[in-house]
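Trainee: In case you want the letters, here they are:
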Amino acid sequence: MSWFRKPSSAPLWREEFSVFTADERYVNRRQFTKFLTLTSFGMLVGNLWILGRSLLRRAPSYPRLTVAATGELAVGGVKTFTYPTAQDPCILVRTAGDTCVAYSQKCTHLSCAVYYEKAQNRLECPCHQGFFSIADGSVLQGPPQRALPRVVLERQGEQWVAVRMEGETT
Amino acid sequence: MFGMEFYVDPSRCIGCQSCLKACEECDTHRGVSMINFDFLDRRETIATAAYVCWHCDNPTCAQVCPADAIKKYDDGIVGSSLKPRCIGCSNCVLACPFGIPKLVPEYEQMMKCDMCYDRTSVGKRPMCATVCPSQALAYVAPATIADTRREKPVNTFWFGNQKITTKVYMMAPADAGSIAIDVADYTWEGNHELVPQTF
Chain A
1 MSWFRKPSSA PLWREEFSVF TADERYVNRR QFTKFLTLTS FGMLVGNLWI LGRSLLRRAP
61 SYPRLTVAAT GELAVGGVKT FTYPTAQDPC ILVRTAGDTC VAYSQKCTHL SCAVYYEKAQ
121 NRLECPCHQG FFSIADGSVL QGPPQRALPR VVLERQGEQW VAVRMEGETT
Chain B
1 MFGMEFYVDP SRCIGCQSCL KACEECDTHR GVSMINFDFL DRRETIATAA YVCWHCDNPT
61 CAQVCPADAI KKYDDGIVGS SLKPRCIGCS NCVLACPFGI PKLVPEYEQM MKCDMCYDRT
121 SVGKRPMCAT VCPSQALAYV APATIADTRR EKPVNTFWFG NQKITTKVYM MAPADAGSIA
181 IDVADYTWEG NHELVPQTF
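Just so you know, the protein sequences line up as chains A and B, in that order.
So the first sequence is numbered by my numbering: it starts at 1 and just counts up by one.
So the second sequence is numbered by my numbering: it starts at 1 and just counts up by one.
Just chain A, with the same shape it has in the complex (with noise of 0.2 Å):
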């Protein structure tokens, strides 16, 4: 078997399923041994790669942003902002008096936007319906399989200020 095909008039499929069983095209040993061998080092090429990546990254730094005052809110009150980056949407839930969360508002099913839902005092997907725990962001039931990344809040004064992420899967 060559490589490359020459340009004949027949087509392609004439030649592979010949009407002579002579002519037929099958693969061989030495040619399943030849994709193997080649597919296998692929895969150790591409292993490799990422194993070079992961050692080589840094650790990602966090801008400090200012996400509320604390008065801003009411209790089960909302506020989205963004962050760490501009393309970042998260939701800030005052939960009780003295504390609030926030979290990633993409689902990490298919990064729909959450929202909180007050009555049932958790987070929710409206596409797939997707809940998450109000209390550390873990999976309540339906089709994510991950946990929201969570944004760690320091008050500072009166306000809440973002630090750093948590739980991001990159």
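Incorrect hints may have been included.
[Stated by the list, open to error] Quick list of the computed label-pair ranges, beta carbon to beta carbon:
{"#": "1", "chain 1": "B", "residue 1": "Ala146", "chain 2": "A", "residue 2": "Leu36", "range": "51 to 57 Å"}
{"#": "2", "chain 1": "A", "residue 1": "Leu36", "chain 2": "B", "residue 2": "Trp158", "range": "50 to 56 Å"}
{"#": "3", "chain 1": "A", "residue 1": "Leu36", "chain 2": "B", "residue 2": "Tyr73", "range": "29 to 35 Å"}
{"#": "4", "chain 1": "A", "residue 1": "Lys34", "chain 2": "B", "residue 2": "Pro133", "range": "54 to 60 Å"}
The hints are simulated quantities; they were obtained by calculation from the structure and are not laboratory data.
Computed from a predicted model, the values in this text were never measured in an experiment.
Virtual Cβ for every residue (Gly too), placed ideally from N, Cα, C.
Guided by the hints, dock chain B onto chain A, whose structure is given.
Mentor: Just chain B now, with coordinates in the frame of chain A:
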């Protein structure tokens, strides 16, 4: 294959149908005969013709098969349809110029003569040739045919513009001008119409 070739001579056929029975008894297709058996013109004559697949060098049946179910093997035999592949579409039945393949409705599969591949591939003669009392179906060496027959073996056929060369030989009149048979010359053109069957 083992120095033997298949020769069909319809002029020798006596209509005993031994070939049909012998073919039917084969274990590879028990109960279904692969012999094509014709009464040439029942109103005028008792002449019959028994013949097998001609095993064309470039088989039309296999060329038109959409399922790659008919293969021509290295020794020149065109096999019957492969059971796992045949979809029972009848393309081969319609395409074969000799009218050899037959669709067997019970199995939804085309079945045709494979020249007793289980026998001829190990040097035995096909069942029909072993039982034919007048050797209208003969599986012998070419030298034997040349010594014992007046007729001339022919394996080139014309169907209109389609030229077909075959593995099986037809015994043609010795004085035939051309080695090729133009089938149109032998097509029946009597002056009476065939009697339509009423059911």
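Trainee: Each of the hints needs a verdict: does it hold here or not?
Mentor: Hint check results:
1. At about 56 Å, the CB distance of Ala146 of chain B to Leu36 of chain A agrees with the hint of 51 to 57 Å.
2. Checked against the given bound of 50 to 56 Å, the beta carbons of Leu36 of chain A and Trp158 of chain B, roughly 51 Å apart, stay inside it.
3. Checking the proposed 29 to 35 Å range against Leu36 of chain A and Tyr73 of chain B shows it holds: the Cβ atoms sit about 31 Å from each other.
4. Taking the beta carbon of each, Lys34 of chain A and Pro133 of chain B are about 59 Å apart, inside 54 to 60 Å as hinted.
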